[in-house]
Amino acid sequence: MARIDTAKAYAAERGYAVTEARGTTWIDVPRDELTEFFTAMQEAGFNYLPNVVGIDYSEYPEERPERFAVLFELVSIKGWKDGDGSRFFARVWVPERDPVLPSATPLYAGAGFLEREVYDMFGIRFEGHPDLRKILTPEDLEGHPLRKDYPLGETPTIFHDGRYIDPAQFRAGITGKDPGLTGRKGGARKGYAEYFDDVRRAAAADGEDV
Amino acid sequence: MKPNTDVPLPEEPKELRSELMVLNVGPQHPSTHGVLRVVVTMAGEEIIDLEPHIGYLHSGFEKTMENRTYTQNFTFTPRMDYVHSFAHDMAYALAVEKLVGAQVPERAETIRIILNELSRIASHLLFVASGLLDLGAMTPFFYAFREREAILDLFEWVTGQRFHHNYVRVGGLKEDVPEEFVPELKKFLAGFLAKVDDYQGMFDGSPIFNSRARDVGVIPPEVAINLGLTGGSLRASGVNYDVRKAHPYGGYEKYDFDVPLGTRGDTYDRMVIRLEEMRQSHRIISQAVERLEPGPIRDPNPHFSLPPRNMLGRSMEALIFHFKLVTEGFHPPLGEAYVPTESARGELSYYVVSDGGSLPYRVKIRTPEFVNIQSLRYAAKGHQFADFIAILATLDPVLGGIDR
Numbered sequence: 001m002a003r004i005d006t007a008k009a010y011a012a013e014r015g016y017a018v019t020e021a022r023g024t025t026w027i028d029v030p031r032d033e034l035t036e037f038f039t040a041m042q043e044a045g046f047n048y049l050p051n052v053v054g055i056d057y058s059e060y061p062e063e064r065p066e067r068f069a070v071l072f073e074l075v076s077i078k079g080w081k082d083g084d085g086s087r088f089f090a091r092v093w094v095p096e097r098d099p100v101l102p103s104a105t106p107l108y109a110g111a112g113f114l115e116r117e118v119y120d121m122f123g124i125r126f127e128g129h130p131d132l133r134k135i136l137t138p139e140d141l142e143g144h145p146l147r148k149d150y151p152l153g154e155t156p157t158i159f160h161d162g163r164y165i166d167p168a169q170f171r172a173g174i175t176g177k178d179p180g181l182t183g184r185k186g187g188a189r190k191g192y193a194e195y196f197d198d199v200r201r202a203a204a205a206d207g208e209d210v
Numbered sequence: 001m002k003p004n005t006d007v008p009l010p011e012e013p014k015e016l017r018s019e020l021m022v023l024n025v026g027p028q029h030p031s032t033h034g035v036l037r038v039v040v041t042m043a044g045e046e047i048i049d050l051e052p053h054i055g056y057l058h059s060g061f062e063k064t065m066e067n068r069t070y071t072q073n074f075t076f077t078p079r080m081d082y083v084h085s086f087a088h089d090m091a092y093a094l095a096v097e098k099l100v101g102a103q104v105p106e107r108a109e110t111i112r113i114i115l116n117e118l119s120r121i122a123s124h125l126l127f128v129a130s131g132l133l134d135l136g137a138m139t140p141f142f143y144a145f146r147e148r149e150a151i152l153d154l155f156e157w158v159t160g161q162r163f164h165h166n167y168v169r170v171g172g173l174k175e176d177v178p179e180e181f182v183p184e185l186k187k188f189l190a191g192f193l194a195k196v197d198d199y200q201g202m203f204d205g206s207p208i209f210n211s212r213a214r215d216v217g218v219i220p221p222e223v224a225i226n227l228g229l230t231g232g233s234l235r236a237s238g239v240n241y242d243v244r245k246a247h248p249y250g251g252y253e254k255y256d257f258d259v260p261l262g263t264r265g266d267t268y269d270r271m272v273i274r275l276e277e278m279r280q281s282h283r284i285i286s287q288a289v290e291r292l293e294p295g296p297i298r299d300p301n302p303h304f305s306l307p308p309r310n311m312l313g314r315s316m317e318a319l320i321f322h323f324k325l326v327t328e329g330f331h332p333p334l335g336e337a338y339v340p341t342e343s344a345r346g347e348l349s350y351y352v353v354s355d356g357g358s359l360p361y362r363v364k365i366r367t368p369e370f371v372n373i374q375s376l377r378y379a380a381k382g383h384q385f386a387d388f389i390a391i392l393a394t395l396d397p398v399l400g401g402i403d404r
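Line by line, the protein sequences are chains A and B. With our numbering, you'll find the first sequence wraps up at 210, consecutive numbering, no jumps. With our numbering, you'll find the second sequence wraps up at 404, consecutive numbering, no jumps.
FYI, nobody ran anything at the bench for these hints, they're computed from the structure. Nothing here was measured: the structure is a model prediction, and the numbers come from that model. A couple of the hints might just be wrong.
As the list claims (entries may be wrong) - Quick list of in silico lysine-lysine cross-link-like pairs, DSS-like style, CA-CA up to 27 Å:
1) LYS254/B x LYS187/B
2) LYS8/A x LYS81/A
3) LYS324/B x LYS63/B
4) LYS81/A x LYS148/A
5) LYS134/A x LYS148/A
6) LYS381/B x LYS174/B
7) LYS254/B x LYS78/A
8) LYS245/B x LYS324/B
9) LYS174/B x LYS186/B
10) LYS254/B x LYS174/B
11) LYS187/B x LYS174/B
12) LYS78/A x LYS245/B
13) LYS81/A x LYS254/B
14) LYS63/B x LYS134/A
15) LYS63/B x LYS148/A
16) LYS245/B x LYS81/A
17) LYS134/A x LYS381/B
18) LYS186/B x LYS245/B
19) LYS8/A x LYS245/B
What the hints assert, rightly or not - Listed next, the stretches of chain A that the computed footprint assigns to chain B, with coverage defined by at least 3 CB atoms under 8 Å from CB atoms of chain B:
20) 13-27
21) 58-69
22) 106-112
Said to hold, decoys possible - Sample of chain B residues facing chain A (criterion: CB under 7 Å; computed from the structure):
23) GLY55
24) LEU57
25) PHE61
26) LYS63
Backbone N, C-alpha and C define an ideal beta-carbon position, used for all residues, glycine too.
Sequences are here, hints too, so could you generate the full structure?
Here it is as structure tokens:
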């Protein structure tokens, strides 16, 4: 029996949903049974964890059980002992209010950096991770950039006559989607022409000559 | 009277004082291959512990890609791993093609494989060159860059760019290769294998290289798999895992090539295995050149491929599709697609989520370097500091790929 069938049988036994599309398999694992699941899968021969994917479904058009999903890819590595190349994603739904789930690091050391990345980008905490710190963004950056409600902070394109293109509005015109939050700094959102007017007015009020 | 010039001797210390030293390497350091910072704790010259700090080059590509159309994103893909950049173009294209269900024509597949393998050779050449430079060998650098330059010239000829190609499109390629490309490529291939032998001759028999590299930084296979190590560094440990063989993609199943394996998993194996991989890439390209038949280079499906230029003046529909594709982009169906591929550094994969719009909902990039760098601590512990530089070089980090 191929290892992927072992995983599917395990899922069927416990009533986990199995999805298959475009040659990829997803198994939905409840949060509190995740550690048990990893242990069982490692015993079943899935010895390699190449990928941990975090997804924020808050703006997804289809209904999803929770806001966040964390996907752990498990592989039985082909080319080492009796590995057969089976691979699938274990998907865990993580609620927004309590974004915590058990870490895979006690069993798969390679998940260390990948989980730190998910923590940094989505603010999802992994219990049992030996060293859960931010990894890519600067230490003084607040928020989690890959959450859908994190602003982009783009600067508008300015033309001679004061006309400007706001990138978010421009995209919204194309896609029909909500422009979302842009302009982390309030001034940039108006366009620089008006922003500089503000600066001049403020300076004039202080009695400075700009 | 002569003054007393005797300097009083300092008092003998009662006992020798020794303490751990914490050394900060990088982020600006020539042998960290980019802006990697490693905090190394040493007792004398021996490494007790080390901690890599990354993120100095983080550019938020994943967030940016969520706000650009699928085609615009080909601008960002090669900028991550700028050494083997074609692998990123191809991996991203494969994931999106899976999403839209595109059929890539035979010729486009073959050209992709030729360019991907050329890019892999260019990457391995840089690996060998800079790896040996870190060990103090200056000469191989110049020889390896001679061939690398020839490959980059070929790329410039085909794609217009040396590194950031922007040549792949969803469903095929931007345009066909120039007519003179194949004869020039054959000229390059004819002399290449002898040059790989030259590189090997430059360090393989050298007793200095042997003593610097043999049994240094050994990673046993079980540990390597558990740490998520992939690519040549994993194969040096004796694990026969190459995504091109294990999970063939993009037409690799049609080619005949071997996966070179190491036996010990030390610095020496990791260095030599790259040379053998260059020979295998040469073998794949030679087969691909023979397969190259004239034909279309793009899926003709108008829903994601631009219509031919000459149609625009004659067909209203072509004009409409062209306008919609350029201003708005195409709309893949709702869903998620994932394709693992093999870059020069290991397993590279794009996980693309579509919400039915013309911008991807989420793009997750699993770059091999990001995961591989975790093995550094295991491999370097207990070795001397000079060996740490060699171990780091053979793990082949590219910081653009690590930080994304």
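CA of LYS254/B to CA of LYS78/A, is that 27 Å or under? OK: LYS254/B and LYS78/A at ~19 Å, within 27 Å.
Distance restraint between LYS254/B and LYS174/B, which requires alpha-carbon spacing of 27 Å or less: holds (23 Å)
Is the Cα-Cα distance between LYS324/B and LYS63/B 27 Å or less? The given pair, whose Cα atoms are some 24 Å apart, holds under the 27 Å limit.
Closer than 7 Å between Cβ atoms is the bar; does GLY55/B clear it against chain A? Give me holds or violated. Hint holds; GLY55/B Cβ to chain A Cβ min 4 Å, cut 7 Å.
Agreement of LYS81/A and LYS148/A with the hint, judged by alpha carbon distance not exceeding 27 Å: At roughly 43 Å apart (the allowed maximum being 27 Å), LYS148/A and LYS81/A break the hint.
Run the distance test for LYS63/B versus LYS148/A: straight-line Cα separation, threshold 27 Å. holds (9 Å)
Hey, does the LYS63/B contact hint survive, CB to chain A under 7 Å? holds (6 Å)
Is LYS245/B close enough to LYS81/A, meaning Cα to Cα at most 27 Å? The given pair, whose Cα atoms are some 16 Å apart, holds under the 27 Å limit.
27 Å limit on alpha-carbon distance, applied to hinted pair LYS8/A and LYS81/A: holds (22 Å)
For the stretch 106-112 of chain A, does the count of residues with a C-beta closer than 8 Å to a C-beta of chain B reach 3? With 5 residues in contact (Cβ-Cβ under 8 Å with chain B), the coverage given for the stretch 106-112 of chain A holds.
Are the Cα positions of LYS134/A and LYS381/B separated by 27 Å at most? Since the Cα atoms of LYS134/A and LYS381/B sit roughly 24 Å apart, the hinted pair holds (cutoff 27 Å).
Taken at face value, is the distance from the CA of LYS174/B to the CA of LYS187/B at most 27 Å? Holds - the C-alpha atoms of LYS174/B and LYS187/B are around 25 Å apart, at most 27 Å.
Violation of the numbered hints given earlier is confined to hints 4, 6, 8, 24, 25; the remaining hints are satisfied by the structure.
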